[in-house]
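Asker: Sequence:
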Amino acid sequence: MADRTVTRAIETDVEADVILAILKDPRHIPQWAPAFADTVEADTKNGWRVVKDGAAFSLELAISSSSRTVDYLREIAPGKRGGAYIRVLQRPGGGSVVVMTLPVAGGANVEAVTSGLTQELKQLVALSETASS
Numbered sequence: 001m002a003d004r005t006v007t008r009a010i011e012t013d014v015e016a017d018v019i020l021a022i023l024k025d026p027r028h029i030p031q032w033a034p035a036f037a038d039t040v041e042a043d044t045k046n047g048w049r050v051v052k053d054g055a056a057f058s059l060e061l062a063i064s065s066s067s068r069t070v071d072y073l074r075e076i077a078p079g080k081r082g083g084a085y086i087r088v089l090q091r092p093g094g095g096s097v098v099v100m101t102l103p104v105a106g107g108a109n110v111e112a113v114t115s116g117l118t119q120e121l122k123q124l125v126a127l128s129e130t131a132s133s
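At position 122 of the sequence shown the residue is numbered 122 (this note's numbering), and the sequence of numbers has no breaks.
Incorrect hints may appear among the rest.
Stated by the list, open to error - Taking lysine-lysine and the BS3-like style, the derived pairs with C-alpha atoms no more than 27 Å apart in a straight line are:
| no. | residue 1 | residue 2 |
| --- | --- | --- |
| 1 | K45 | K80 |
| 2 | K122 | K52 |
| 3 | K52 | K80 |
These are calculated hints, taken from the structure and not from any lab test.
Can you make the complete structure from the sequences, with help from the hints?
Answerer: Here is the structure:
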């Protein structure tokens, strides 16, 4: 059976609330996930407007601060939504663990998606380290 999702985690000394604050503001996405978005702007009609390589699409956020979850959702097929599902866990002894699950689009290279996700998590941690200092 072909993989439909890829999940990766990364640990950091940065506290969970710092990372959560970055994730809750999607305007930061181009800084840590440039393969997904060139720009992100607030859109009063649809929540957020993302532009990537000149193509625009709407992005919806599903946020639960109490459980430290942020999901970035978009229409991936007519009538179907999907996207990045992110969990920020408190790490025992301090810091946090960020877990992200991405869909693997039909025909996509799983290794490339995995590599991209790993890089995005590293960039998110680097951005959060800057924000916490």
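Asker: Next, verify each hint and record whether it holds.
Answerer: The hints, checked one at a time:
{"no.": "1", "hint": "K45 <-> K80", "result": "holds (19 Å)"}
{"no.": "2", "hint": "K122 <-> K52", "result": "holds (21 Å)"}
{"no.": "3", "hint": "K52 <-> K80", "result": "holds (20 Å)"}
Checked against the numbered hints given earlier, the structure satisfies every one of them.
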